[in-house]
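A.B. asks: Protein chains in written order, with the numbering used here: chain A, 1 to 135; chain B, 1 to 135; chain C, 1 to 135; chain D, 1 to 135.
Treat the hints loosely; a few may be bogus.
If several chains are the same, the list does not tell them apart, and a pair holds so long as it fits within one copy or across any two.
Unchecked claim - Lysine-lysine pairs mimicking BS3-like chemistry, simulated, CA-CA at most 30 Å apart: (1) Lys112 to Lys2; (2) Lys122 to Lys72; (3) Lys122 to Lys93; (4) Lys93 to Lys60; (5) Lys93 to Lys118; (6) Lys41 to Lys93.
Hint data in this document are derived by calculation from the structure and do not stem from the laboratory. Small disclaimer: the values here were computed from a predicted structure and weren't measured.
4 protein chains.
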Amino acid sequence: MKRRIYYYDTDCGGVVYYANYLKFLEEARTKYMEERGLSLKGLMDKNIMFAIRRQEIEYKAPAVYGDILEIKTRVLEVTGFRIRFVYEIRNQKSTLLSTAVTDMVSVGKDFKLKELPKEVRKLFLDQLGSVKKSI
Amino acid sequence: MKRRIYYYDTDCGGVVYYANYLKFLEEARTKYMEERGLSLKGLMDKNIMFAIRRQEIEYKAPAVYGDILEIKTRVLEVTGFRIRFVYEIRNQKSTLLSTAVTDMVSVGKDFKLKELPKEVRKLFLDQLGSVKKSI
Amino acid sequence: MKRRIYYYDTDCGGVVYYANYLKFLEEARTKYMEERGLSLKGLMDKNIMFAIRRQEIEYKAPAVYGDILEIKTRVLEVTGFRIRFVYEIRNQKSTLLSTAVTDMVSVGKDFKLKELPKEVRKLFLDQLGSVKKSI
Amino acid sequence: MKRRIYYYDTDCGGVVYYANYLKFLEEARTKYMEERGLSLKGLMDKNIMFAIRRQEIEYKAPAVYGDILEIKTRVLEVTGFRIRFVYEIRNQKSTLLSTAVTDMVSVGKDFKLKELPKEVRKLFLDQLGSVKKSI
């Protein structure tokens, strides 16, 4: 996924504000899922939503106005309720800016945990490839 | 209403990003209404929401990190569906930074216009004072 | 310009938050200028920045999660210091969601007005076509 | 620190968007430092800025529109370049919504690490109290 940096992403320190990377991660997850045929909107209609349970991010180098970021997204682990995403964010010079881990869980509209539908879990498990399948 | 400027309000031009003033205006409207006994949350429970129909804002001088903004809010006009707010935003030195006008309308959950409940309209009309009551 | 709507664009009313349209307009202006060979970053290096002087926007219909917005951007007027942009925002069904006008001015790093460089002014004037050239 | 939740903090899932908690943490750190006599703006004038190096946050329960969050901030560790903050975020019912850890480092305007001024380090160390002083 490629993402251009706009004024609204930056702060008066001259670089991208630390919270805004989490918006880029949403974009990356969305693209990741939709490229694999998973529509968040479609799931919402079936009363399945995703909530973020835990986020971890390291900031190694800053991104600045006009940069084009590239985000590599991978699924590291899938359980009955939880999907763990890992990401690498690089700029147009391939400098590693940030690494991050998100734990996303499936919930109902009441925000209580709700088991991932089988086909969704399968879809993610298929992505794990040689990576350990923790289920 | 007083509002401190944080890093997240600013952009790499060193000043508050132009869209973020509209967030301050939401804070100002909310405070204005709640100080007059009008709970947005209470109205939501009665299936009445407010939507913004039109926004106009002039930027005369920039706000910077650490500034304390003061926002004066006034209701200028009330009709069956619409409330017109006007604001002046000043910094801690009383420099006028911005003036703005918001047209807010009452809608149902389907975002269709829905007449303002009588008591709500009355509450706003009482604020108009000597100002022309357009109803 | 096309722009997908993410969770972070929306609010708990279920639609795009009114301030966030101004971020889309920044994206649209940037794209407009860069497609015509004008790099904001290049200008910054020459100590020329753009500041927003005035913003006006009408919200006619809401955008929701997953929508793909299309923004048509036009320059309506160019003077020695000021460029007036007008926009139409539509969703994937071509429904008109919003119209907007931005007055952008050229400033130095001190945020004082600074005349538009001749070549920049020319570039915008060339876009006006049959539209009245106000200079 | 107390912080009201506005529309602009939430998303169409009906709850506060996960990235926005990081803005609240900025507010909490700022308040923490300023209450102890440390002005970020004053430090900026001496060419000392703070950058976030690492952020970790757990989301245990969602915050919704109208909630009043309370954030408890503590400094857990201080080294020559780094300050580690820990936080607890609760709502008006004292429900624990979130816990978080931030590693903040002192940098110059070039974003290279720059040793914390002695008086600043001392100020933070004095907060550690009986907690282990790691320096």
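A.B. asks: Could you run down the list of hints and mark each one as holding or not?
C.D. replies: Verification of the supplied hints:
1. In the homo-oligomer, the alpha carbons of Lys112 and Lys2 lie at most 30 Å apart only across protomers (26 Å), although the nearest pairing inside one protomer, at 33 Å, exceeds that limit.
2. In this homomeric assembly, Lys122 and Lys72 come within 30 Å of each other (Cα to Cα) only inside a single copy, at 21 Å, whereas the closest approach across copies is 41 Å.
3. Taking the shortest Cα distances, Lys122 and Lys93 never come within 30 Å of each other, neither inside one copy (36 Å) nor across copies (33 Å).
4. Taking CA atoms no more than 30 Å apart as the test, Lys93 paired with Lys60 passes inside one copy only; the shortest distance there is 14 Å, against 37 Å between copies.
5. Proximity of Lys93 to Lys118 under the C-alpha cut-off of 30 Å is found in neither arrangement, the shortest distances being 40 Å within a copy and 33 Å between copies.
6. For the homomeric pair Lys41 and Lys93, the shortest alpha-carbon distance between copies (17 Å) is at most 30 Å, but the shortest distance inside one copy (34 Å) is not.
Checked against the numbered hints given earlier, this structure breaks hints 3, 5; the rest are met.
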